[in-house]
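Taken in order, these protein sequences are the chains called W and A.
Under my numbering, the first sequence has 195 at position 195, and the numbering climbs by one with no breaks.
Start counting at 1 in the second sequence, then tack on 474, and there's your number in my numbering.
Read the hints as simulated data drawn from the structure, not as lab findings.
Worth double-checking, as some hints may not be accurate.
[To be verified] Straight-line Cα separation of at most 25 angstroms, SDA-like style, residue types lysine to any residue; simulated pairs:
(1) W:K142 with A:T906
(2) W:K142 with A:G832
(3) W:K142 with W:A203
(4) W:K142 with W:F396
(5) A:K631 with A:R571
(6) A:K631 with A:A686
(7) W:K142 with W:R287
(8) W:K142 with A:L603
(9) W:K142 with A:R571
(10) W:K142 with A:A686
(11) W:K142 with A:R836
(12) A:K631 with A:T670
(13) W:K142 with A:F763
(14) A:K631 with A:F763
(15) W:K142 with A:R623
(16) W:K142 with A:M902
(17) W:K142 with A:N738
(18) W:K142 with A:P838
(19) W:K142 with W:N95
(20) W:K142 with A:H837
(21) W:K142 with A:R905
(22) W:K142 with A:Y835
(23) W:K142 with A:L683
(24) W:K142 with A:P907
(25) W:K142 with A:L899
(26) A:K631 with A:L603
(27) W:K142 with W:Q353
(28) W:K142 with A:V891
(29) W:K142 with W:T98
(30) W:K142 with A:V842
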Amino acid sequence: MIHLMIFLPLLGSLALLATPRRWREEVAGFFAALTLGLGLLIWRGGGAELFSVNWVPALGVTYSVALDGVSLALALITAFMSLVAVLYAARRIENPGTMLSLVLAMETGLLGIFAARDLVLFYVFFEDALLPALLMLAIYGKSGRMRALVQFAAYTLFGSLLMLLSIIGVKYYGGSPTFALADLVNHPVTGATQTWLYLGFLAAMAVKLPMWPLHAWLPDFHEQNHDSGVPDVMGTLYKVGGYGIFTFGLPLFPDASEQLRPILMGLAAFTALYAAWIAFRQTDWKRLLAYAGLSHMGFVALGVFSLNETATIGAMYLLAFQNVYTGALFLSVGMLQERVGSIHTRVGGVMTQAGALSGMTMALWFASIAVPGLAGFVGEFSVLLGAYQVQPWITFVAGLSTIAAAAYALTAYQTTFWQGRPLGGVRVADLRHTEWLVLGLPLAVALFFGIYSSPALRLIQPAVRGVLATLGGQ
Amino acid sequence: MLQVPDVYLAPMLPILIVLAGAVASTVLGFSLPRRALTIINLVLLGVSAVSMGALWNSGATAFGGSLRADNAALLLGISILVGSAMTLLVSLDTAFRARVSFPEFDAMLMYSVTGTLLIAFSGDLITMLIGLEIMSLSSYVLATLQDSRRAEESGLKYFLLGAVGSAILIYGIALVYGATGSLNYADIAERTAGLTPQNVAILVGGALLLLAGFAFKVALAPFHQWTPDVYTGAPTSVSLFLSTVVKVAAFAGMLRVFGGALQNAPGWASVLQILTAATLIIGNAAALFQPNFKRMMAYSAVAHTGFLAMTLLGVPGLGGAALAYYLLVYTLMTAASLAIVAALQRTEAGMSITDLRGLYYRHPAYAVALGVCLASLAGLPPFAGFFGKYLAFQAAFQNGYVWISVLAALASVAALVYYLRPAMLMFMPDRTPAREYPHGERAATTFTVALGVVGVTVLGILPNLWYGWAANPAIWETLAGR
Chain W
1 MIHLMIFLPL
11 LGSLALLATP
21 RRWREEVAGF
31 FAALTLGLGL
41 LIWRGGGAEL
51 FSVNWVPALG
61 VTYSVALDGV
71 SLALALITAF
81 MSLVAVLYAA
91 RRIENPGTML
101 SLVLAMETGL
111 LGIFAARDLV
121 LFYVFFEDAL
131 LPALLMLAIY
141 GKSGRMRALV
151 QFAAYTLFGS
161 LLMLLSIIGV
171 KYYGGSPTFA
181 LADLVNHPVT
191 GATQTWLYLG
201 FLAAMAVKLP
211 MWPLHAWLPD
221 FHEQNHDSGV
231 PDVMGTLYKV
241 GGYGIFTFGL
251 PLFPDASEQL
261 RPILMGLAAF
271 TALYAAWIAF
281 RQTDWKRLLA
291 YAGLSHMGFV
301 ALGVFSLNET
311 ATIGAMYLLA
321 FQNVYTGALF
331 LSVGMLQERV
341 GSIHTRVGGV
351 MTQAGALSGM
361 TMALWFASIA
371 VPGLAGFVGE
381 FSVLLGAYQV
391 QPWITFVAGL
401 STIAAAAYAL
411 TAYQTTFWQG
421 RPLGGVRVAD
431 LRHTEWLVLG
441 LPLAVALFFG
451 IYSSPALRLI
461 QPAVRGVLAT
471 LGGQ
Chain A
475 MLQVPDVYLA
485 PMLPILIVLA
495 GAVASTVLGF
505 SLPRRALTII
515 NLVLLGVSAV
525 SMGALWNSGA
535 TAFGGSLRAD
545 NAALLLGISI
555 LVGSAMTLLV
565 SLDTAFRARV
575 SFPEFDAMLM
585 YSVTGTLLIA
595 FSGDLITMLI
605 GLEIMSLSSY
615 VLATLQDSRR
625 AEESGLKYFL
635 LGAVGSAILI
645 YGIALVYGAT
655 GSLNYADIAE
665 RTAGLTPQNV
675 AILVGGALLL
685 LAGFAFKVAL
695 APFHQWTPDV
705 YTGAPTSVSL
715 FLSTVVKVAA
725 FAGMLRVFGG
735 ALQNAPGWAS
745 VLQILTAATL
755 IIGNAAALFQ
765 PNFKRMMAYS
775 AVAHTGFLAM
785 TLLGVPGLGG
795 AALAYYLLVY
805 TLMTAASLAI
815 VAALQRTEAG
825 MSITDLRGLY
835 YRHPAYAVAL
845 GVCLASLAGL
855 PPFAGFFGKY
865 LAFQAAFQNG
875 YVWISVLAAL
885 ASVAALVYYL
895 RPAMLMFMPD
905 RTPAREYPHG
915 ERAATTFTVA
925 LGVVGVTVLG
935 ILPNLWYGWA
945 ANPAIWETLA
955 GR
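With the hints as constraints, model all of the structure from the sequences given.
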């Protein structure tokens with residue numbers, strides 16, 4: 001069933017090519033929904049056990065996949081947001097066949113990333129998710145896309161190739177027979193070699209996360225993407241960096257991660273604050289959201305690097321649900337653009353004519369800036385709580401960014417949705433048809449898991465304990 | 475007393491079949507149209523491949539080990555045949571437009587293939603040299619065959635520089651002979667162990683000259699300067715041949731000489747390391763600034779030489795296997811990309827990268843195919859280029875060449891940028907009129923492209939289909955014989 005879940009979207013993506021134009025939306029929606037359904041079935045069944053066969057025996061590459069704990073949580077969110085993205089793209093984008101196909105292809109890459117338990121397989125999926133993202137940008141992007149594209153690809157590949165070298169190094173110096181995670185953990189690398197390899201691995205993850213100073217691709221990537229926000233939804237799911245560090249980085253490089261902890265935590269806190277500060281100056285909703293996401297990812301990094309149980313749980317929680325509300329916000333920006341033809345933050349007065357859109361957007365922003373009762377709060381609070389026990393001052397600095405978050409979000413919100421409607425502005429329509437679902441479902445999820453977090457925590461907590469136990473963490 | 479050499483037909487068979495094609499093209503050219511000859515040659519290439527399959531694991535040799543049909547030779551030979559067959563297929567469609575549609579083209583091509591196979595099957599330096607010369611001389615003609623100033627210029631350039639390369643190579647062979655007293659790979663490998671210091675000096679000199687000579691042939695920097703001009707000036711189907719088959723053969727020779735005969739000789743590895751580094755930097759950096767797609771592919775061929783040369787830095791067991799895998803994949807993806815160029819270009823000068831804008835909306839299948847090839851060339855999974863690159867990294871890394879692996883990783887980023895630009899331009903919407911040759915898509919070219927694309931996809935998802943054959947280290951431990 002797990003293989004079906006991973007490859008079903010890709011199958012759907014290929015099937016779309018052979019589907020007559022008028023049925024494409026339905027087929028895409030069907031495949032996305034089926035994937036989510038499979039995911040939920042796996043969840044009910046208590047996760048999918050490790051499945052492992054040799055893929056390239058001569059190289060020791062295995063096809064090992066499992067979906068449990070953190071990876072299951074992230075896979076479910078991915079499947080959910082892909083469905084939402086498909087729902088929105090089907091209505092919003094003219095002749096959406098190619099876009100839907102790409103969304104589904106990317107979903108396979110992302111699910112694969114979360115399911116992989118073999119480093120080379122992880123790398124393969126990691127890169128596979130890149131191709132549809134690039135194509136989305138190339139086909140649907142705006143005029144400056146070439147630069148954004150090259151920047152994005154160059155950063156990503158720069159990191160991944162160093163990671164590939166680290167992967168080769170981990171197996172070679174550790175003397176493991178295969179690249180399967182379990183084997184690699186049993187054949188650890190020690191000493192200075194481990195630190196160097198960790199740095200190579202981190203390079204890839206810090207680009208994806210993204211973390212200062214490797215974040216420069218992110219704002220352009222979002223700004224140049226299609227207005228609908230659909231590619232951005234997939235793009236926010238792209239933040240597999242935190243997951244990669246947690247699942248592969250910590251178990252494989254335990255000593256190095258303890259050794260580098262203060263530096264990395266410092267960088268993470270700086271990223272959070274710096275991004276929030278820059279977000280404050282943005283006048284483009286997409287860039288603002290990009291920096292807001294960057295700031296959140298600083299929190300995720302802070303949590304993971306702190307090696308503290310509470311903080312790491314919080315980080316994973318944040319990682320999972322940040323996708324939901326930030327993704328939905330990107331879609332709401334798309335709706336705004338559709339209505340007023342601009343994503344400038346000084347549009348003004350949208351609230352008076354489109355109450356439901358504005359209200360939903362506001363609620364989602366509350367989730368994003370960690371208002372209690374919404375999913376963002378649980379994550380951010382746990383991170384701060386846990387990280388404080390490790391590095392109080394660094395955590396204090398990072399904590400400042402929550403104040404900054406309220407400032408940038410509410411200022412931009414105020415100038416767009418409140419204030420007066422400019423004279424001669426077009427009439428703004430409210431939510432229609434599936435748009436209710438597109439914003440409503442993520443909001444419901446954010447609300448549900450903000451109030452009742454135990455189903456998610458039950459998935460995340462044991463996994464985090466398992467990983468940290470191997471470190472002898474605090 | 476005169477000794478009769480042990481002449482066995484079986485190990486020569488794959489070469490003889492190809493040679494028969496060359497002779498047939500020369501003779502039958504008077505009575506048969508060129509298309510018929512091309513088809514005959516394609517069939518003969520197939521028969522040659524079958525005979526190689528029959529020789530698998532036989533370890534047959536002839537002429538006292540001067541010609542060896544061991545598994546290493548067969549694996550490299552298959553890549554050569556694949557590349558040659560793809561060239562012939564493309565020439566079926568484009569030779570007429572390129573004004574090289576006469577029987578001599580086929581004859582020269584098949585002579586060249588004969589030479590390349592001879593290199594792959596060589597057991598001593600003289601056989602290797604004969605193969606190399608047959609290959610080079612026919613390639614010079616191929617590059618010049620088109621009736622145009624550009625082709626003449628490129629052919630002359632190729633000839634002059636190739637001749638210098640050969641001269642250096644021959645001098646290197648002489649020095650190696652002087653140092654070890656043998657031309658046979660196996661004997662050289664044996665005798666390099668116990669040499670007097672004077673002889674070691676001569677051996678090192680010989681090895682370095684050999685390296686320089688080969689560097690000319692495979693286009694390692696700084697001996698690469700002829701490549702962009704020749705690949706751009708020659709008709710595209712010839713560029714396809716030169717950048718795949720000829721390169722495969724030259725690498726086969728390098729593998730035989732450096733991985734086998736000179737395996738224990740000092741000195742050459744550190745120099746090769748520097749050449750590789752230079753190639754990676756120069757090839758990738760120069761490709762970044764090419765406005766012409768065909769010329770960019772020429773620099774990409776140089777850049778790939780750097781990756782291929784990394785495999786020679788590995789121990790033969792790993793490096794040879796990596797090289798064999800990479801060469802086949804490289805042949806498939808390069809040949810398919812150039813086949814698309816050959817089909818769509820308006821003139822033999824190729825097309826500019828900006829001409830590719832919107833190709834997806836005019837020739838969707840070709841655009842997707844080219845996208846796959848470029849992704850594979852850039853080393854993105856799930857395409858086979860990824861495993862090729864991976865194996866090359868691994869071979870060098872595990873033999874202690876860590877910094878060059880890191881350098882290669884950085885160079886790959888540049889590579890991604892220049893492969894990405896055309897790949898992404900193809901998918902961008904475009905309203906200007908098409909700039910392609912209007913009757914581009916023809917059956918044979920399309921088949922070649924499909925072969926390449928299916929090849930890199932299947933070999934990327936299931937690398938074991940090919941790597942499984944090449945992976946056995948025992949094949950590569952006995953490169954020199956024994």
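Hints, one by one, checked against the model:
no.	hint	result
1	W:K142 with A:T906	holds (18 angstroms)
2	W:K142 with A:G832	holds (15 angstroms)
3	W:K142 with W:A203	violated (29 angstroms)
4	W:K142 with W:F396	violated (39 angstroms)
5	A:K631 with A:R571	holds (24 angstroms)
6	A:K631 with A:A686	holds (18 angstroms)
7	W:K142 with W:R287	holds (14 angstroms)
8	W:K142 with A:L603	violated (56 angstroms)
9	W:K142 with A:R571	violated (39 angstroms)
10	W:K142 with A:A686	violated (49 angstroms)
11	W:K142 with A:R836	holds (21 angstroms)
12	A:K631 with A:T670	violated (41 angstroms)
13	W:K142 with A:F763	holds (24 angstroms)
14	A:K631 with A:F763	holds (23 angstroms)
15	W:K142 with A:R623	violated (43 angstroms)
16	W:K142 with A:M902	holds (10 angstroms)
17	W:K142 with A:N738	violated (57 angstroms)
18	W:K142 with A:P838	holds (22 angstroms)
19	W:K142 with W:N95	holds (18 angstroms)
20	W:K142 with A:H837	holds (23 angstroms)
21	W:K142 with A:R905	holds (15 angstroms)
22	W:K142 with A:Y835	holds (18 angstroms)
23	W:K142 with A:L683	violated (53 angstroms)
24	W:K142 with A:P907	holds (21 angstroms)
25	W:K142 with A:L899	holds (13 angstroms)
26	A:K631 with A:L603	holds (21 angstroms)
27	W:K142 with W:Q353	violated (28 angstroms)
28	W:K142 with A:V891	holds (19 angstroms)
29	W:K142 with W:T98	holds (17 angstroms)
30	W:K142 with A:V842	holds (21 angstroms)
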